[in-house]
Amino acid sequence: MPEVLKAPLAVEFPFTRSLGPVQSAFLTGLRERVVLGVRTGDGRTLVPPVEYDPVTAEEIRDLVEVAPTGTVTTWAWNHAPRRDQPLDTPFAWALVRLDGADTALLHALDAPGPHAVHTGMRVRVRWAEERTGAITDIACFEPYDGDPAQPTGADREFEDPITGIVAPARLDYTYSPGRAQSAYINALAEHRNVGERCPSCHKVYVPPRGACPTCGVATSEQVEVGPHGTVTTFCIVNIKAKNLDIEVPYVYAHIALDGAGLALHGRIGGIPYDQVRMGLRVEPVWTEGARYPDHYRPTGEPDADYDTYRELL
Amino acid sequence: MNREIAVVAFAQTDHRRTSEEFSEVEMLMPVLHEVLAQTGLKTADIGFTCSGSSDYLAGRAFSFTLALDGVGAWPPISESHVEMDGAWALYEAWTKLLTGDADTALVYSYGKSSPGPLRDVLTRQLDPYYVAPLWPDSVALAALQAQALIDAGDTDEPALAAVAARSRTDATANSHAQLRGSVAHGDYVVRPLRTGDCPPIGDGAAAVVLAAGERARELCDRPAWIRGVDHRIEAHSLGVRDLTDSPSTRLAAERAGAFERPVDTAELHAPFTSQEVVLRKALGLDDGVRVNPSGGALAANPVMAAGLIRIGEAAARIQRGESDRALAHATSGPCLQQNLVAVLEGDPR
Ligand SMILES: [Zn+2]
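Chain order of the listed sequences is A and B. Here the first sequence is numbered in this note's numbering, starting from -17 and rising by one per residue. Here the second sequence is numbered in this note's numbering, starting from 425 and rising by one per residue.
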């Protein structure tokens, strides 16, 4: 089997989330060094607070302040912190029931080692230096030897409450397109277009994905197609894409390569955008060192007869 | 509910650390062909198709639509997808067959975890306001549950190691398993869980065919009749829950009829050794029940397929005549957040 291609792929997105009244109060409170919980109908205090009782689904809005001190209800020692976790030195993950609360909050606990952590130990909030109204306004918990801290008695209505958070997320992958698409991309680097023929319906797929979507069987017989092809349909792009240095307007087209059972996409160049037409005969243009065609340009052949590509539209 | 529905065929891939030479559909297709070949059915004969997967594993949007290429969707088929383990796809297919709208169903699921950092990827299913910004990884959350069990006196580290050893020893009889035989219990990953307490990370796929009534008897010598399926969920916040128990599993089992008569086999989807302790307790399984003879998720845990595989393994055991009444369990989310229980039976012998 020829070498399968691999490439790094980062998926990154800043998720912008709006907050309901309870989450807004809680996260704004953290910004002001105040921890708020919410009281349920049966008198329990939930921290972190939610808008609906997890047992009865009743709407709950009764905010109460709890102390920034509490007790570890369970923990786990994380000797190798991972990217974006609260501390970059070894720490304990802990569920902490704050004084005045009936439920526990998950966060990091800064401690010298697992010997210094146990269920039932007393801890307190270490506030982040800079606070924006996010769960990370609690930098972590730290061991604490004293009595329950008194709540601040702060008003539960804060000035300038935050109404949303932006939660950036990034995941890093090593993408591999698999056997069929690797073969296609490797052939492109040699300026060849290679598809795969379905053993059942004999259609030639370009690019091949290793399966015939109609018959549901594996494709493996490689078939060279093109290099010439026919524009089956097209559109004129008038808006410049970010980070793309192609002047608008330009034409983006479906191109049926000779011998292919369906059309692929490509940009049409070498002809004014308003002269591109269905049936135009084109060929790929490779730029120096590129692994794929930069665009397709007219071959100068007479236009293809409609009946030769009508099935490929 | 007067229709009898059975699992009549099951197939799975060999589960491996990586399948980078194959795209998702290339990995899945042999399993689809195998499960159809077992029944002699063609795609066009299948009344309903349902799949389970998650785009986050491989970092590809709408990847299930490409996987559908392996089914052969012409002429057009009746198809659905859940962004969940395939066990939940099976639940949807089962209800579809119960309605009488279809007599047969193809259920498949797959997971390609190798391209991404699975422990980090799974953080993205957590509460996005209070938990996900801290990036607590899947092992860390399982470790919190394990420590809670140890503190409660429900288990200890040697007992967890014994769960791991039993699972991987059983897996020597399972040619598809990723971790088999003697596996070092290893160092702590997140204390108190060691490498041996954690599932292997791997790629894999599975498929099941369901059929109703007489159709099932035509397609299979000893169908594994589904007597009931139910799924339940815990409160979202981990700090609200008693992590040493799984009331959602117990309720799902009760509603699926698991407690009406004893089962002889239980395929439990417990990716971490500590989770088997929780599930055994929640389900009241005693030592007379054969737990995870396949090796379970500690031997192979292709995310999004491992739950469907539990149902498939339980059904295959009934079909082989090694079980008469089996319980299959699937889970999803951190610390057994969501749980599905199916009860399967063979015809009396
Ligand atoms: Zn075909």
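Wrong hints could be hidden among the right ones.
To be verified - Derived contacts from chain B toward chain A, CB cut-off under 8 angstroms, selection only:
(1) Glu444
(2) Phe446
(3) Thr467
(4) Phe486
(5) Gly494
(6) Ala497
(7) Pro500
(8) Gly540
(9) Arg548
(10) Pro552
(11) Val555
(12) Pro557
(13) Asp575
(14) Gly577
(15) Val607
(16) Gly610
Claimed, not checked - If you want the footprint, here are the derived chain B segments under chain A, 3+ residues with CB under 8 angstroms:
(17) 697 to 703
(18) 715 to 727
Simulated from the structure, these hints should not be mistaken for lab results. All C-beta atoms, glycine included, are put in the ideal place defined by N, C-alpha and C.
Cross-check of the supplied hints:
{"no.": "1", "hint": "Glu444", "in the structure": "4 angstroms, holds"}
{"no.": "2", "hint": "Phe446", "in the structure": "5 angstroms, holds"}
{"no.": "3", "hint": "Thr467", "in the structure": "5 angstroms, holds"}
{"no.": "4", "hint": "Phe486", "in the structure": "13 angstroms, violated"}
{"no.": "5", "hint": "Gly494", "in the structure": "5 angstroms, holds"}
{"no.": "6", "hint": "Ala497", "in the structure": "6 angstroms, holds"}
{"no.": "7", "hint": "Pro500", "in the structure": "11 angstroms, violated"}
{"no.": "8", "hint": "Gly540", "in the structure": "5 angstroms, holds"}
{"no.": "9", "hint": "Arg548", "in the structure": "6 angstroms, holds"}
{"no.": "10", "hint": "Pro552", "in the structure": "6 angstroms, holds"}
{"no.": "11", "hint": "Val555", "in the structure": "6 angstroms, holds"}
{"no.": "12", "hint": "Pro557", "in the structure": "5 angstroms, holds"}
{"no.": "13", "hint": "Asp575", "in the structure": "5 angstroms, holds"}
{"no.": "14", "hint": "Gly577", "in the structure": "12 angstroms, violated"}
{"no.": "15", "hint": "Val607", "in the structure": "21 angstroms, violated"}
{"no.": "16", "hint": "Gly610", "in the structure": "13 angstroms, violated"}
{"no.": "17", "hint": "697 to 703", "in the structure": "violated (count 0)"}
{"no.": "18", "hint": "715 to 727", "in the structure": "violated (count 0)"}
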